[in-house]
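Student: Those sequence lines, one after another, are chains A and B.
The first sequence begins at 3 in our numbering and counts up one residue at a time.
The second sequence begins at 2 in our numbering and counts up one residue at a time.
There's no promise every hint is true.
[Claimed, not checked] Using 16 Å as the maximum straight-line C-alpha spacing, the simulated EDC-like pairs for lysine to aspartate or glutamate come out as follows: (1) K135/B to E248/A; (2) K319/B to E248/A; (3) K319/B to D244/A; (4) K213/A to D198/B; (5) K154/B to E224/B; (6) K279/B to E258/B; (7) K250/A to E140/B; (8) K135/B to D55/A; (9) K250/A to E224/B; (10) K286/B to D55/A; (11) K227/A to D297/B; (12) K222/A to D198/B; (13) K222/A to D138/B; (14) K135/B to D223/A; (15) K197/A to D55/A; (16) K154/B to D198/B; (17) K200/B to D55/A; (18) K279/B to D198/B; (19) K279/B to E248/A; (20) K227/A to D198/B; (21) K154/B to E129/B.
[As the list claims (entries may be wrong)] In silico negatives: residues of chain B with every beta carbon more than 12 Å from chain A: (22) D33; (23) D63; (24) R72; (25) A79; (26) A86; (27) A102; (28) A158; (29) E159; (30) D213; (31) D297.
Derived from the structure by calculation, the hints contain no laboratory data.
Since this is a predicted model, take the numbers as computed values, not measurements.
Glycine included, C-beta positions come from ideal geometry on N, C-alpha and C.
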Amino acid sequence: MNVIACAKLVPTGTPTLGPDHLVVRSGVDGALDPGDEYGLELALQLTEQHGGDVTVVSMGPDEAGQALQRALAMGASRGALVSDPSLRGADALVTARVLAAAIKRYPFDLVVAGVESTDGYTGTVPVTVAEILGVASVTAVRRLEPSDAGARIERMTERGYDVYECPLPAVVTVTAGAVEPRYPSLKGIMQAKQKPIDRPSLQDLGLSDTKATQTVTAVKDAPTKAGGEIVQGDEAVVRIADLLAEAKVI
Amino acid sequence: MAGAWVFAEVTPDGPHPAAFELLTHARSFDDDPTAIALGPGATAAAADLGAHGAATVYASDDPVFAEHPGRPAAHVLAGLIEAEAPDVVLFAQTYDSRDVAGRLQGCIGSALMGNATSIADPRHARAEIFGGTKIVDVELAGPAPTLILLRPKSIAAEPTGGTARIVPLEAEVPEDERGARIVERHEEAASGPRLEDAKVVLAGGRGLGGPDAFAMLDELANEIGGAAVGASRAAVDAGWVPYSYQIGQTGKTVKPEVYLAAGISGALQHIVGMKGAKRIVAINKDADAPLLAMADLGVVGDLFQVLPALTEEIRRRKGS
């Protein structure tokens, strides 16, 4: 089973917006989005059990190479990074088009991604990629096993979970807690330096229009809530009960 | 007049409550919004959607939409959009609706905006980012319709008492375009009020140390009456409680009269889901926990002592 894992470089710490109203990504400390590590771990486990390779695909500034290095050190076989100045400020649609075009360059049975990025939280890019690729998708996956029909997948829902039968190839997003991401071993870190990272250009991908359709026109600080009172010790219990009584809920 | 459509999620209990909020958002710039309801119960849902302002409801009760979530709905929407040319389609920021929106974007190539909290017109909406610390105004270009995902509970649903015209949809979804199929459904037995509806929400985090400690919150909820128990993502990821408990960016948004957080430090991801609570109480042994700073009442202390003592105190007050 060949698996492609999507990876995103996100700023470590709270992201900031630059004067152009875009998230500052260059020159800040960044790391592989923790949410992507779950998909990557699932991909590694599947290929370890059933054979095949993991290719990790990313779009981002040159620094996104750091995220790829970590993924390679965890055990992915090769990386692909699409980096182009015109992609700065790319929206969900441009991102999905770029990822889909990059993914298509490799054979795959499964594409894995995080449920949503920890900086943007839109959470739609993987299914848009699936639509562009013309394949099935299941989001919020907590378990996946190959089956006769393709894959048997458990998806978390607001009320519990559903079991899916999913034809392959497919795109899935993997929830935190589905698997425990491994730490790269020293050997893995050394080996990662030898692994290939492809750098296809937008032209290689056959993409010309990468203009974002979303523009931030104004940014302001949200009103902060003034903190209340801090209490300790025996007083605390009485004060909480008083507050509940004041709110007329007891 | 801008043509606003609302994608109304249909659940076994009727329309998803967020659909009524979407109709209220839509009516701020379109007097006669249209709702699209797909799946078993869709036609029956039209009455409630009409009572919340939908002038027209496109409905199909075809089980294909429930058995194959996402893809068939997106393809049917794409066809309807081509025929009717709306200016904007509104979705709730839920797992199911955003899957439809993401698929639809792949079909029609329109702009898609997530996590919106309000909408001025089909091309302009507002969102809160970075855990609700910044407010951004966003302009959307590209082909119509724009696709905007609104966070649940960002507006109160307002009934209009109207009646919708129902347009039955004849949907033909080819076998090879259906995608993944649901073969089993598992629902956790729910007791007490829903998290989203409860007047009091008691939430536990990493500080509870394990699944057993949630029993303290259950007991307190029982004693208060009408309280629901939730959790932070950390407690859910650790497997202590199911995902249905999760409050935050990923998970449920709650706006109770009182929100009591026990052992939750207050990551931005959590704050997004509860900052609308009227009164916030936070219990944490770490005086630097960010949630203490935004609480109306912050308790620096051991939750293993405070929670049982609080249950006892409420019992005592009720008894007297």
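Student: Give a verdict on every hint.
Tutor: Tested hints:
Note on K135/B and E248/A: the hinted pairing is violated, with a Cα-Cα distance of about 32 Å set against a maximum of 16 Å. For the hint linking K319/B to E248/A, the alpha-carbon distance of about 14 Å falls within 16 Å, and the restraint holds. A hinted pair counts as satisfied when its Cα atoms are at most 16 Å apart, and K319/B with D244/A qualifies at roughly 13 Å. Among the hinted pairs, K213/A with D198/B is inconsistent with the structure: their alpha-carbon atoms are about 42 Å apart, more than 16 Å.
Distance restraint check for K154/B and E224/B: the Cα-Cα separation of roughly 27 Å exceeds the 16 Å cut-off, and the hinted pair is therefore not satisfied. For a cut-off of 16 Å, the pair hint linking K279/B to E258/B stands: about 5 Å separates their Cα positions. For a cut-off of 16 Å, the pair hint linking K250/A to E140/B is broken: about 43 Å separates their Cα positions. About 41 Å separates the Cα atoms of K135/B and D55/A, which puts this hinted pair outside 16 Å; it is violated.
At roughly 14 Å between alpha-carbon atoms, K250/A and E224/B fall within 16 Å of each other, so this suggested pair holds. With a CA separation close to 46 Å, the supplied pair K286/B and D55/A exceeds the 16 Å bound. Pair hint K227/A plus D297/B holds up; C-alpha atoms about 9 Å apart against a cutoff of 16 Å. Restraint check for K222/A and D198/B: the C-alpha separation of about 31 Å exceeds 16 Å, so the hint is violated.
The hinted pair formed by K222/A and D138/B meets the criterion: a straight-line CA distance of about 9 Å does not exceed 16 Å. In summary, the hint linking K135/B to D223/A is supported, as the alpha carbons are separated by about 5 Å, within the 16 Å threshold. Note on K197/A and D55/A: the hinted pairing holds, with a Cα-Cα distance of about 13 Å set against a maximum of 16 Å. Using a Cα cut-off of 16 Å, the hinted pair K154/B and D198/B holds, with the two alpha carbons roughly 11 Å apart.
Restraint check: the Cα-Cα separation between K200/B and D55/A comes to about 51 Å, which exceeds 16 Å; the hinted pair is violated. Between K279/B and D198/B the CA atoms are separated by roughly 14 Å; this keeps the pair inside 16 Å, and the hint holds. As the CA atoms of K279/B and E248/A are separated by approximately 12 Å, the hinted pair is consistent with the 16 Å bound. Annotation: proposed proximity of K227/A to D198/B is violated, straight-line Cα distance about 23 Å (limit 16 Å).
A hinted pair counts as satisfied when its Cα atoms are at most 16 Å apart, and K154/B with E129/B qualifies at roughly 13 Å. No beta-carbon of chain A is positioned within 12 Å of the beta-carbon of D33/B; the least distance is around 27 Å. At roughly 18 Å, the least C-beta separation between D63/B and chain A is larger than 12 Å, which holds for a residue marked as non-interface. Remark: the non-interface label on R72/B conflicts with the geometry, its nearest Cβ contact in chain A lying 7 Å away (cut-off 12 Å).
With 12 Å as the threshold on Cβ separation, the claim that A79/B sits away from chain A is violated: the shortest Cβ distance comes to roughly 10 Å. Every CB of chain A lies more than 12 Å from the CB of A86/B, the least distance being 18 Å, so the non-interface label holds. Not every CB of chain A lies more than 12 Å from the CB of A102/B, the least distance being 6 Å, so the non-interface label is violated. Against the 12 Å criterion, A158/B stays outside the reach of chain A, whose nearest CB is about 18 Å from its own CB.
At roughly 24 Å from the closest C-beta of chain A, the C-beta of E159/B stays outside 12 Å, upholding its exclusion from the interface. At roughly 18 Å, the least C-beta separation between D213/B and chain A is larger than 12 Å, which holds for a residue marked as non-interface. Consistency note on D297/B: stated as away from chain A, yet its beta-carbon is not over 12 Å from all of that chain's, at 4 Å minimum.
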